[in-house]
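**Student:** If you want the building blocks of each chain, they are given just below.
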Amino acid sequence: GAGVSQSPRYKVAKRGQDVALRCDPISGHVSLFWYQQALGQGPEFLTYFQNEAQLDKSGLPSDRFFAERPEGSVSTLKIQRTQQEDSAVYLCASTKRGGLAYNEQFFGPGTRLTVL
Amino acid sequence: DQQVKQNSPSLSVQEGRISILNCDYTNSMFDYFLWYKKYPAEGPTFLISISSIKDKNEDGRFTVFLNKSAKHLSLHIVPSQPGDSAVYFCAGDLGGFGGATNKLIFGTGTLLAVQP
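Residue numbers (our numbering), protein chains in the order written: chain G, 1 to 116; chain E, 1 to 116.
Possibly wrong hints are sitting among the right ones.
[Unchecked claim] Simulated restraints, written as ranges between beta carbons of each label pair: (1) Ile20(E) - Ala38(G): 22 to 28 Å; (2) Ser7(G) - Asp1(E): 33 to 39 Å; (3) Arg112(G) - Lys5(E): 45 to 51 Å; (4) Leu11(E) - Leu55(G): 33 to 39 Å; (5) Gln41(G) - Pro79(E): 27 to 33 Å; (6) Leu100(G) - Pro40(E): 34 to 40 Å; (7) Gly83(E) - Arg15(G): 22 to 28 Å; (8) Lys14(G) - His76(E): 26 to 32 Å; (9) Asn67(E) - Pro61(G): 41 to 47 Å; (10) Glu58(E) - Gly3(G): 43 to 49 Å; (11) Gln84(G) - Gln3(E): 25 to 31 Å; (12) Ser7(G) - Gln81(E): 42 to 48 Å; (13) Ile53(E) - Ser7(G): 36 to 42 Å.
[Claimed, not checked] Okay, the calculated bits of chain G under chain E, using three or more residues with CB under 8 Å as the criterion: (14) 70-78; (15) 107-113.
It is worth saying that the hints were derived from the structure and are not from the lab. All values derive from a computational prediction rather than experimental measurement. Backbone N, C-alpha and C define an ideal beta-carbon position, used for all residues, glycine too.
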């Protein structure tokens, strides 16, 4: 079965440009997460959806960052007026809910964003 | 404030020997702890989890030990294989009970190199 996919894999943007990063979760996975991974660091939580509801956006670093998941499947992370400090790998993860066992998060390959 | 710490940036072991990766945490509210493995240009891959009410979980060559009084966990890989060479991330989950998962708080990772 297909895993989590993300596009584009690589994105180069000029400072001030807007970018949109796409995530296709595993089919049927209810929960979707976005993380930001800076060079040499672990992933850091940005935001979390359950179906189409954004339940936690406490990790979004500024109001330039916006995420949506309008139909409870594909999600888009948008960054407006990109800055150099936005350069990072953006990871998407999805997971199912329910059951007795722990439901691990499955990660996509990430989008590497470079802001010049 | 780093809630999850991996103080060893790298570790080198011989093939067939034991690899021990360590992780410390400060937040007593974590429900679950996870280990993820990451190869270059790929997303993190789930390896093993442990509930905060357990002190050991084993899956094949991988065993995770949790010492709650010391707020410390470790991942043991026996025997180590060259294919285990990757970055290993420790993470805490604030909402893992009941089949749910919440945002993960990651450490900075340990690069494991298994020498043939």
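**Student:** Each hint needs a verdict: does it hold in this structure or not?
**Tutor:** The hints, checked one at a time:
1. Ile20(E) - Ala38(G): 22 to 28 Å: Between isoleucine 20(E) and alanine 38(G), where Cβ atoms are some 27 Å apart, the hint holds.
2. Ser7(G) - Asp1(E): 33 to 39 Å: At roughly 34 Å between Cβ atoms, aspartate 1(E) and serine 7(G) fall inside 33 to 39 Å, so the hint holds.
3. Arg112(G) - Lys5(E): 45 to 51 Å: 26 Å, violated
4. Leu11(E) - Leu55(G): 33 to 39 Å: 37 Å, holds
5. Gln41(G) - Pro79(E): 27 to 33 Å: Holds - the Cβ-Cβ distance for glutamine 41(G) and proline 79(E), about 30 Å, lies within 27 to 33 Å.
6. Leu100(G) - Pro40(E): 34 to 40 Å: The hint (34 to 40 Å, Cβ to Cβ) holds, given that leucine 100(G) and proline 40(E) are roughly 35 Å apart.
7. Gly83(E) - Arg15(G): 22 to 28 Å: Since the Cβ atoms of glycine 83(E) and arginine 15(G) sit about 40 Å apart, the hinted range of 22 to 28 Å is violated.
8. Lys14(G) - His76(E): 26 to 32 Å: 47 Å, violated
9. Asn67(E) - Pro61(G): 41 to 47 Å: 34 Å, violated
10. Glu58(E) - Gly3(G): 43 to 49 Å: Since the Cβ atoms of glutamate 58(E) and glycine 3(G) sit about 26 Å apart, the hinted range of 43 to 49 Å is violated.
11. Gln84(G) - Gln3(E): 25 to 31 Å: The hinted range 25 to 31 Å holds for glutamine 84(G) and glutamine 3(E), with Cβ atoms some 27 Å apart.
12. Ser7(G) - Gln81(E): 42 to 48 Å: 33 Å, violated
13. Ile53(E) - Ser7(G): 36 to 42 Å: Cβ of isoleucine 53(E) to Cβ of serine 7(G): about 40 Å, so the range 36 to 42 Å holds.
14. 70-78: violated (count 0)
15. 107-113: holds (count 4)
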